[in-house]
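Residue numbers (UniProt numbering), protein chains in the order written: chain F, 1 to 519; chain A, 1 to 519.
Hints listed in this document are in silico derivations from the structure and should not be mistaken for laboratory results.
There may be inaccurate statements among the hints.
[As the list claims (entries may be wrong)] Now the stretches of chain A that chain F is said to cover, found in silico as 3 or more residues with beta-carbon under 8 Å:
| no. | stretch |
| --- | --- |
| 1 | 57-67 |
| 2 | 243-249 |
| 3 | 403-413 |
[What the hints assert, rightly or not] Covered stretches of chain A, going by a simulated chain F footprint (3 or more residues, C-beta under 8 Å):
| no. | stretch |
| --- | --- |
| 4 | 331-338 |
| 5 | 364-372 |
[Unchecked claim] If you want the ones that stay clear, here's a sample from chain F, every Cβ over 10 Å from chain A, calculated:
| no. | residue |
| --- | --- |
| 6 | R101 |
| 7 | M196 |
| 8 | P515 |
Only a predicted model underlies this, so the values are computations on that prediction, with no experimental measurement involved.
Each residue gets a CB set at the ideal place from its N, CA and C atoms; glycine is no exception.
There are 2 protein chains.
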Amino acid sequence: MDEIAEQSAGAGRRARGGGGAARRAERTAPKIEFARFIERRIPNLEILNEEALEIIEHNAETVLEEIGVNFVENPAALDLWRAAGADVQGERVRIPRGLARKLCATAPREFVQHARNPERNVTIGGKNLVLAPVYGPPFVRDLEGGRRYATIEDFRNFVKLGHMSKYVHHSGGTVCEPTDVAVNKRHLDMLHAHMMLTDKPYMGSVTEPSRAADSVEMSKILFGSDFVDQNTVMTSLVNINSPLTFDSVMMGALEVYARANQACIISPFIVGGAMAPVTVAGTLTQVLAEVLAGVAYSQLIRPGAPVIFGAFVTSIDMNSGAPTFGTPEAAHITLGAGQLARRLGLPFRSAGSFCGSKLPDAQAAYETANTLNIGLLAGVNFMLHACGWLEGGLVSSYEKYVMDADQLGALQRLSQGIDMSANGQGMDALREVGPGGHFLGCGHTQENFKSAFWKTDLLDYKPFETWEEEGARDTSTLASARVKKMLGEFQAPAIDPGVAEALAEYVAKKKAAVPDAFM
Amino acid sequence: MDEIAEQSAGAGRRARGGGGAARRAERTAPKIEFARFIERRIPNLEILNEEALEIIEHNAETVLEEIGVNFVENPAALDLWRAAGADVQGERVRIPRGLARKLCATAPREFVQHARNPERNVTIGGKNLVLAPVYGPPFVRDLEGGRRYATIEDFRNFVKLGHMSKYVHHSGGTVCEPTDVAVNKRHLDMLHAHMMLTDKPYMGSVTEPSRAADSVEMSKILFGSDFVDQNTVMTSLVNINSPLTFDSVMMGALEVYARANQACIISPFIVGGAMAPVTVAGTLTQVLAEVLAGVAYSQLIRPGAPVIFGAFVTSIDMNSGAPTFGTPEAAHITLGAGQLARRLGLPFRSAGSFCGSKLPDAQAAYETANTLNIGLLAGVNFMLHACGWLEGGLVSSYEKYVMDADQLGALQRLSQGIDMSANGQGMDALREVGPGGHFLGCGHTQENFKSAFWKTDLLDYKPFETWEEEGARDTSTLASARVKKMLGEFQAPAIDPGVAEALAEYVAKKKAAVPDAFM
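Based on the sequences and whatever the hints tell you, model everything.
What follows is the structure, given as structure tokens:
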């Protein structure tokens, strides 16, 4: 790790994390395992044929041309669209067939998001999959404390869990809403936690353009100003107000980030039947139209700005009006959207540890596993919410975070396909053991058993009697113990004291400059 | 239902279930929903490329030629193999390269298994998927009674749940072991339950050749002797003693069924690292070699006998020695075996509601959902254990049965792909609603909302407050209530009283003929 940090010492202030004090601290810290982002070696599941894809692409262009999209309270955006050749009437932007797709062509097919520890850099796009935790819940839940409003302490705990989780490649953004901090200041504390408590990559604030600007400024302190000008160090979440509406707050954040060459996920927020047609093909049409318009706009701001084709997908429960998760319709949309993203040549964001359940129980796990597996097979490149999501996104669950994070290890292994080397073929073992024999003792097994199988850090495979003697613990009870263990063992990664001081100063100064606001 | 039964009245005693008394009973019974077996409209996931498949096929032939397989205590089998051109030394049968595959060619690519209600017939093979419940556990578990030895009452309850479960297409076989009935007689009670309590297709006994013969005899009473001679009415499970060993009990059952033109699943029973190499490609090689030998043998008994390429797959936990489920290695093997089965032109059996958990908790659901999804995408044609499996197959769980059965509805919906009709494309809805609108009230939504989304019969999407008021129930608590409701509403499907009497007589006579044996 030191070696890599030193190798990149020429890159502006890039090597700050590898300074003398930092190196000393690092050598005494316990080893934290971490896995590089996933590079898939299995095929995607192509659920739509060529004809179906062409129909949806044609229909999306029809939507943009005939119906159009609204850019709300954003005269500058309307000017840009007009200049690009769109038909602008009031806030409605109608985009001639083919124009949006043409504008999208300048967006990169993949990009590197840098972390302050270069080993944690992630490449987003191509056959890669980057896993990031839950984003946005106002509540947290754990086994002992139940469901309650999230605080900044919870926020920091979730960042710590992310740092300690081997298969969580990215620290994410709003892992929960720190509701005890003023709305107009919490982005500062959140960014500070992501910068100080982990050396994985992170997301920026999108709730106001000024907060996006703070995110860029703080990143310049962490990485160095020149480095941020030349590299992508944040991937932030810009939701589209589906159907077909781009509000000025989210677009304002997008504009800040695109100008700074920082990445955004441009993501329709779809509850099928409410914000999109009740049918899958109709929803896919709307998703594609919205992404085409949003990505095209990002490229009007700055050609080449890195962006991700997002699709947050759920369906409505027609009885209760609640969103549902892990459903076949969500799977269809995720798979289809992945194909559309690849044809557009953009990285794809979708799926996650989605569930509607109030508890980290069987419902939660069915729904999550359905979604994670489909996400992998849909070719997702950036999976936000990959662990910790509960209750339709209202709750960040401590136990479910570590339960899901354990499953992410299985997902990563699944993505690697089948080893067809001579060792993988195992003919020696078959010859040695023969009919009626046993493989446990054979040489091939002895040589391979340590790495042959994915190993859970959580699930229980003990004999019934042992399990009963140990208290007949269910998964969430086991997870609760694991949460405590991980938080107990956490040590923050080393950081240059000067950088730490500068970050603390920035946060303090910004907080002091304005009164608290809670909306 | 009556109409179809009457249409087939010419087919021997086929129409017995549709007789006058039966019809009267049926008209008063509450409507039970049932879904036809799955005909997939989505692609399979092809994880191995052509080169890898050829390597495994070549290696499997090498195993058969150089290492061979054992047919234990079965001189007639050795004679058949010798006559077919194999090299037989003692009980070891070495099969020249290409011979087994050539012999397999007479097995049908797909076949119909008839049910006494023709609407419940299933076609096994091709793009179809037939879902059958858990098979084999000596224990049952429910929320109130905990874990205990299974009884014939439990057995009948699980058959009833299968009859009531819309997406369970097949009544299965040993849904649990009725341990309160003598080992040498329990097959009679089990078959009797499958014949009387449901009109779905079922499996025969394999624990002794004589019990397989009883299964054929009882089926002749149910369907008519001529009908059974000319049609397949049972699919039974013949496990291979992996590695590479075919014991005389299982082969004896296979011989009975093949001669009677009844179907068998010929299924390696693999715990990777113990009964097969620790690597995936090595395991696939062994699976293919074993199935080639077993299916070839079935065709030596009777060319054209219906068989299924089976693969029961688990890996060993190298710490505890326990089997593990829902793992990436199991997924790799299931996907690869599906490709090998399709290249061999045989129906494929694998996957199920596998889990190692002792409780129907999150672990159970992750493991099950991982396996069910992969099973669908692996092109499985017959999925035994599709619901109700718990604790590594030691336990049939009442609650997990209905939890899994609910998920099977999601799986069936997922398998149907995306509707690309004009209605599916939903352009009218997009035009009607436009930017910033809401789809709930639009005409397209009103016309489609009843069928647009898969609907759970179990999972909870209520608002948090409502859920809390109702007792904050987790999934297994909800499932427990559903079990009680289903068993309370159960009504046996009508059957011709003469047939019922003849079946009861057969069972009574057979039971009286020999003393009880408990091993």
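So, going through the hints one by one against the coordinates:
Residues of the stretch 57-67 of chain A lying with their CB closer than 8 Å to a CB of chain F number 5, which satisfies the three-residue condition for coverage. Judged by the Cβ-Cβ criterion of 8 Å, the stretch 243-249 of chain A is covered by chain F as claimed, because 3 of its residues qualify and three suffice. Beta-carbon proximity to chain F at under 8 Å applies to 5 residues in the stretch 403-413 of chain A; the threshold of 3 is reached and the given coverage holds. Under a criterion of three residues with beta carbons nearer than 8 Å to beta carbons of chain F, the stated coverage of the stretch 331-338 of chain A is upheld, 3 such residues being counted.
For a cut-off of 8 Å, the count of residues in the stretch 364-372 of chain A with a CB near a CB of chain F stands at 7, and the three-residue condition holds. Interface exclusion of R101/F from chain A stands, the closest Cβ pair being 18 Å apart, more than 10 Å. M196/F, annotated as away from the interface, keeps every beta carbon of chain A farther than 10 Å; the closest lies near 32 Å. At roughly 33 Å from the closest C-beta of chain A, the C-beta of P515/F stays outside 10 Å, upholding its exclusion from the interface.
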